[in-house]
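Asks: Line by line, the protein sequences give chains A, B, C and D. Position 37, counted from 1, in the first sequence is what the numbering used here calls 46; the numbers after and before it change by one each time, with no gaps. Position 33, counted from 1, in the second sequence is what the numbering used here calls 42; the numbers after and before it change by one each time, with no gaps. Position 240, counted from 1, in the third sequence is what the numbering used here calls 651; the numbers after and before it change by one each time, with no gaps. Position 144, counted from 1, in the fourth sequence is what the numbering used here calls 555; the numbers after and before it change by one each time, with no gaps.
What the hints contain is simulated information worked out from the structure, not anything from laboratory work. This one's a predicted model, so the numbers in the text were calculated from it and none came from an experiment. Please note: incorrect hints may appear among the correct ones.
[Claimed, not checked] Computed beta-carbon distance windows for the label pairs:
#: 1; chain 1: C; residue 1: Ser465; chain 2: A; residue 2: Arg129; range: 55 to 65 Å
#: 2; chain 1: D; residue 1: Gly725; chain 2: C; residue 2: Glu522; range: 47 to 57 Å
#: 3; chain 1: D; residue 1: Arg547; chain 2: A; residue 2: Arg23; range: 52 to 62 Å
#: 4; chain 1: C; residue 1: Glu522; chain 2: A; residue 2: Glu17; range: 29 to 39 Å
#: 5; chain 1: D; residue 1: Leu746; chain 2: C; residue 2: Glu472; range: 26 to 36 Å
#: 6; chain 1: A; residue 1: Cys42; chain 2: D; residue 2: Asn697; range: 27 to 37 Å
[Stated by the list, open to error] Straight-line distance between alpha carbons at most 25 Å, and here's what the computed DMTMM-like set of lysine to aspartate or glutamate pairs gives:
#: 7; chain 1: D; residue 1: Lys498; chain 2: C; residue 2: Glu522
#: 8; chain 1: C; residue 1: Lys785; chain 2: B; residue 2: Asp54
#: 9; chain 1: C; residue 1: Lys768; chain 2: D; residue 2: Glu451
#: 10; chain 1: C; residue 1: Lys642; chain 2: D; residue 2: Glu522
#: 11; chain 1: B; residue 1: Lys61; chain 2: C; residue 2: Glu753
#: 12; chain 1: B; residue 1: Lys132; chain 2: B; residue 2: Glu117
#: 13; chain 1: D; residue 1: Lys785; chain 2: A; residue 2: Glu79
#: 14; chain 1: D; residue 1: Lys768; chain 2: D; residue 2: Asp678
#: 15; chain 1: A; residue 1: Lys61; chain 2: A; residue 2: Glu88
#: 16; chain 1: C; residue 1: Lys521; chain 2: D; residue 2: Asp549
#: 17; chain 1: D; residue 1: Lys642; chain 2: C; residue 2: Glu522
#: 18; chain 1: C; residue 1: Lys785; chain 2: B; residue 2: Glu79
#: 19; chain 1: A; residue 1: Lys36; chain 2: D; residue 2: Glu784
#: 20; chain 1: D; residue 1: Lys521; chain 2: C; residue 2: Glu522
#: 21; chain 1: D; residue 1: Lys497; chain 2: C; residue 2: Glu522
#: 22; chain 1: B; residue 1: Lys14; chain 2: C; residue 2: Glu784
#: 23; chain 1: C; residue 1: Lys470; chain 2: A; residue 2: Asp102
#: 24; chain 1: A; residue 1: Lys14; chain 2: A; residue 2: Asp54
#: 25; chain 1: C; residue 1: Lys642; chain 2: D; residue 2: Glu520
Even for Gly, the Cβ is constructed at its ideal location relative to N, Cα and C.
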Amino acid sequence: MYSEKVLEHFRNPRNVGRIEDADGIGKVGNPICGDVMVMYLKIRDNRIEDAKFETFGCGAAIATSSMATELVKGKTIEEALQITNRAVAEALDGLPPHKMHCSVLAEEAIRAAIEDYRARGRKGE
Amino acid sequence: MYSEKVLEHFRNPRNVGRIEDADGIGKVGNPICGDVMVMYLKIRDNRIEDAKFETFGCGAAIATSSMATELVKGKTIEEALQITNRAVAEALDGLPPHKMHCSVLAEEAIRAAIEDYRARGRKGE
Amino acid sequence: MIYLDYNATTPCDPRVVEAMLPFFSEFFANPSSLHRPGQEARRAIERARSTIASFLGAKEEEVIFTSGGTESSNLAIRGVAQALRKKGTHLVTSAIEHHAVLNVFRSLEKEGFSVTYLPVDANGIVHPEELKKALRPDTILVSIMHANNETGVLEPIADLARVAHEGGAIFHTDAVQTVGKIPIDVTVLGVDLLSASAHKFYGPKGVGFLYIRKGTPIAPQILGGHHERGKRAGTENVPGIIGMAKACEIAQEEMGEEARRVGALRDMLEQGLEERVPDIHIVSRNVPRLYNTSLVLVAYVEGESLLLNLDFEGICVSSGSACTSSSLEPSHVLLACGYPHELAHGSIRFSLGKWTKEEEIFRVVAVFPKIVEKLRAISPFSKGR
Amino acid sequence: MIYLDYNATTPCDPRVVEAMLPFFSEFFANPSSLHRPGQEARRAIERARSTIASFLGAKEEEVIFTSGGTESSNLAIRGVAQALRKKGTHLVTSAIEHHAVLNVFRSLEKEGFSVTYLPVDANGIVHPEELKKALRPDTILVSIMHANNETGVLEPIADLARVAHEGGAIFHTDAVQTVGKIPIDVTVLGVDLLSASAHKFYGPKGVGFLYIRKGTPIAPQILGGHHERGKRAGTENVPGIIGMAKACEIAQEEMGEEARRVGALRDMLEQGLEERVPDIHIVSRNVPRLYNTSLVLVAYVEGESLLLNLDFEGICVSSGSACTSSSLEPSHVLLACGYPHELAHGSIRFSLGKWTKEEEIFRVVAVFPKIVEKLRAISPFSKGR
Ligand SMILES: Cc1ncc(COP(=O)(O)O)c(C=O)c1O
Ligand SMILES: Cc1ncc(COP(=O)(O)O)c(C=O)c1O
Numbered sequence: 010m011y012s013e014k015v016l017e018h019f020r021n022p023r024n025v026g027r028i029e030d031a032d033g034i035g036k037v038g039n040p041i042c043g044d045v046m047v048m049y050l051k052i053r054d055n056r057i058e059d060a061k062f063e064t065f066g067c068g069a070a071i072a073t074s075s076m077a078t079e080l081v082k083g084k085t086i087e088e089a090l091q092i093t094n095r096a097v098a099e100a101l102d103g104l105p106p107h108k109m110h111c112s113v114l115a116e117e118a119i120r121a122a123i124e125d126y127r128a129r130g131r132k133g134e
Numbered sequence: 010m011y012s013e014k015v016l017e018h019f020r021n022p023r024n025v026g027r028i029e030d031a032d033g034i035g036k037v038g039n040p041i042c043g044d045v046m047v048m049y050l051k052i053r054d055n056r057i058e059d060a061k062f063e064t065f066g067c068g069a070a071i072a073t074s075s076m077a078t079e080l081v082k083g084k085t086i087e088e089a090l091q092i093t094n095r096a097v098a099e100a101l102d103g104l105p106p107h108k109m110h111c112s113v114l115a116e117e118a119i120r121a122a123i124e125d126y127r128a129r130g131r132k133g134e
Numbered sequence: 412m413i414y415l416d417y418n419a420t421t422p423c424d425p426r427v428v429e430a431m432l433p434f435f436s437e438f439f440a441n442p443s444s445l446h447r448p449g450q451e452a453r454r455a456i457e458r459a460r461s462t463i464a465s466f467l468g469a470k471e472e473e474v475i476f477t478s479g480g481t482e483s484s485n486l487a488i489r490g491v492a493q494a495l496r497k498k499g500t501h502l503v504t505s506a507i508e509h510h511a512v513l514n515v516f517r518s519l520e521k522e523g524f525s526v527t528y529l530p531v532d533a534n535g536i537v538h539p540e541e542l543k544k545a546l547r548p549d550t551i552l553v554s555i556m557h558a559n560n561e562t563g564v565l566e567p568i569a570d571l572a573r574v575a576h577e578g579g580a581i582f583h584t585d586a587v588q589t590v591g592k593i594p595i596d597v598t599v600l601g602v603d604l605l606s607a608s609a610h611k612f613y614g615p616k617g618v619g620f621l622y623i624r625k626g627t628p629i630a631p632q633i634l635g636g637h638h639e640r641g642k643r644a645g646t647e648n649v650p651g652i653i654g655m656a657k658a659c660e661i662a663q664e665e666m667g668e669e670a671r672r673v674g675a676l677r678d679m680l681e682q683g684l685e686e687r688v689p690d691i692h693i694v695s696r697n698v699p700r701l702y703n704t705s706l707v708l709v710a711y712v713e714g715e716s717l718l719l720n721l722d723f724e725g726i727c728v729s730s731g732s733a734c735t736s737s738s739l740e741p742s743h744v745l746l747a748c749g750y751p752h753e754l755a756h757g758s759i760r761f762s763l764g765k766w767t768k769e770e771e772i773f774r775v776v777a778v779f780p781k782i783v784e785k786l787r788a789i790s791p792f793s794k795g796r
Numbered sequence: 412m413i414y415l416d417y418n419a420t421t422p423c424d425p426r427v428v429e430a431m432l433p434f435f436s437e438f439f440a441n442p443s444s445l446h447r448p449g450q451e452a453r454r455a456i457e458r459a460r461s462t463i464a465s466f467l468g469a470k471e472e473e474v475i476f477t478s479g480g481t482e483s484s485n486l487a488i489r490g491v492a493q494a495l496r497k498k499g500t501h502l503v504t505s506a507i508e509h510h511a512v513l514n515v516f517r518s519l520e521k522e523g524f525s526v527t528y529l530p531v532d533a534n535g536i537v538h539p540e541e542l543k544k545a546l547r548p549d550t551i552l553v554s555i556m557h558a559n560n561e562t563g564v565l566e567p568i569a570d571l572a573r574v575a576h577e578g579g580a581i582f583h584t585d586a587v588q589t590v591g592k593i594p595i596d597v598t599v600l601g602v603d604l605l606s607a608s609a610h611k612f613y614g615p616k617g618v619g620f621l622y623i624r625k626g627t628p629i630a631p632q633i634l635g636g637h638h639e640r641g642k643r644a645g646t647e648n649v650p651g652i653i654g655m656a657k658a659c660e661i662a663q664e665e666m667g668e669e670a671r672r673v674g675a676l677r678d679m680l681e682q683g684l685e686e687r688v689p690d691i692h693i694v695s696r697n698v699p700r701l702y703n704t705s706l707v708l709v710a711y712v713e714g715e716s717l718l719l720n721l722d723f724e725g726i727c728v729s730s731g732s733a734c735t736s737s738s739l740e741p742s743h744v745l746l747a748c749g750y751p752h753e754l755a756h757g758s759i760r761f762s763l764g765k766w767t768k769e770e771e772i773f774r775v776v777a778v779f780p781k782i783v784e785k786l787r788a789i790s791p792f793s794k795g796r
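Start from the sequences, fold in the hints, and give me the full structure.
Replies: Right, here's the structure in full:
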């Protein structure tokens, strides 16, 4: 069902945990649907220096979380906002059709975390 | 499906053929239904001295014809008229339910042949 | 034993059994299970699906596994009728279909559909012009069998499907007697649905498939879990499916040679019988037929009594179709061809196959005349009477 | 591999495969054929029918062969509903049925029947009083499963059947998870129809049976030849039927001992997990349950991720039911019991069987806590967060 790459990221997820002094936190999903993703970003000079995640969800949810944090790290905010759910899925060598929503969740988590960072910035101005 | 006895009578039917100077001939059944039985009786002093048959039909039709001729031989006319389809079937150790109509045909053939014999008698009087 | 009843069922090819064996106790997991053994079982049946699809010139997702030919045809006919009920309620089939098709149409008639049963000519052929005449604006489905199980006659499916499509109807064919015997390409045939049963071509009993052209509207008939893309619920018969795919593979490789060999034996049988037995008739001898089938009508005697006498000699054949042989009705196929009832009661079907040998045919040709003679001696109809 | 997914499917018992083998290529004839090989095949399946009937305390003519549990339940429910439609159109089932039952009722609702889905208590038990309240003068059929496939909970079938009969309704039970595991006598249970699937009790996939009490009105669903007393058409799956009968024979002899042995292992598993993993919940632990089944809810983590991690360790289990595990829905059974969605997403079903060994349970108890810990470390919900 899952690609080797999905299984590998699921088995050894990268960037697990929280960043205590995160600059942006994005929480998406819903426990009722069985998927919750929280993404923590550390941002300096418009560039994502570090990213971590916490996820409640299936194998695909955990693997896409892991891959999404890998993809955003080192990118500028604008670059990170370009990351689509397809890009996350492709980086994992694809997802089964009924699991594509997990990659959507990952895209949303990135956006939500950046949104949060920007909102804090506006507040702090 | 068929009892050993049915198969035996079917394989080696008794009294096959016609009696050229028969005293009574009974023809029952219908080629459209796939069963035709003709019974020939030789009768002397109210007693059935000989019986033969010709049958177009399935295994059960041939076996019941054979058994019916065996059963009537040596019987008086009154005794022969007592032979029911059940008696023919039982003498063959039974018939499958959807083949019981063959034993009915055998009973009818006996009756028809005796009927014919009596009708000839009335004509001859 | 001389088995000449291959149209009723075939023995499993030993290579089919060998292919199935590991899937009973070793690779036994449920293909719906997410763990690795389950996913391995899933991959095995998807490989089987792919084998069968390419055997038919179809796409993988167009092949649905069922429990056999009867279920396949039930699903095809009732499934399309239900799915298109709002579009129209007229259905067309032929008078010579197998009961697995005919009885579905009869039941749909009781549910408000109207059904045209197309006639056949004296050789049992359904003519495309007859179909053309029968089509109406509200015709949604046409179902005509590929080859008849009793006579072996091949219907002009490509032409019939074209006519049906010109009339806007979906086309189904019951190909239970042709799959594995002759090459089939669903695009060349132009059918939308095609039924098959593994045990008719050296696969196991209890498994079959339905080809469903992509986009064909069809309502599932057995409901439950999300198996077979929602078209047929129930845990997949993994060993059966593997066995059926193997049977397709073997057929693909060997059917050309089999057709030649078995066809020659069948012709030898027919010639032999005709030379030695007076007053017999070989049905549909001069039209395209399955190379393995010979339906012989024997005047003055009834089919079952012939069959049983052949059985006493160790020769296994059928009288009419296996399914109706325990009923009292004469073959509806022969009646549709216009044969009188008496003759229709006297049919013997020889159907040859992979393990039929020349000596067996010699023996049948030697034994048959004596049996006919014996039964005719008992018959009140025999010549000159 | 440690296989703890016996409720999804079981490997064939080698004795079952051995019993089936001669029927593939040697005794392969069609049971509808009149020749001797055909009649031998007929006798073999009638012997199998008799074995299964006596296993159930039923009469031979009350057992009908099908392609599996799903088809059996479809036939039972749709068959009775159609046959009694004129008498009434109200049907009753429970909220926790398998999809092979639930989806038939959902489809009947679209066809004009009204269906009451009985609630269950927190342990997943359907109470006879609830059934009593639901019955109406036009109730024709009640269908409640014997044991639930996810929780293993046994329903009070004898009481439920009595209540249904008092209300004049026919009673069906989906016994797919109990046949072969616990003794069943259809007269003691008092049911009119009972569904089973061979692959759930060491028989082959693709074959099952439906018990139909004599006189129960039922419309056939698969139409064709006159097989199975007109209740189910299609060439019989002879090897499958023989295998299923053998599986019944073995179960009859061995299930008492198995219940003891497997029950002890299951209890050991549950005790071990409970001692070592905080915040888990064993579903319906204190009500009558199948001795082989344990459904464990693990707070803060999702079931599939647990399942896959166990699979990495060679341990095969299920999350919820096998059939729904590829969908996104949490278990409808757990929701019906009143568990919150988060917990219902975190279920792991261990189902033990004939080849489960003590060492395997030790290993699961050793491995499971680490997996839970790892996943909880990833989870945003874990305690104290
Ligand atoms: C033409 C045809 N259609 C359908 C069937 C039914 O197939 P099965 O009995 O395998 O379901 C048969 C054979 O019995 C057949 O010959
Ligand atoms: C309770 C229950 N009913 C019905 C079924 C369906 O059985 P099958 O998949 O063999 O048709 C299953 C198993 O999948 C089951 O557990």
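Asks: Any of the earlier hints contradicted here, and which numbers?
Replies: Violated: hints 4, 8 and 24.
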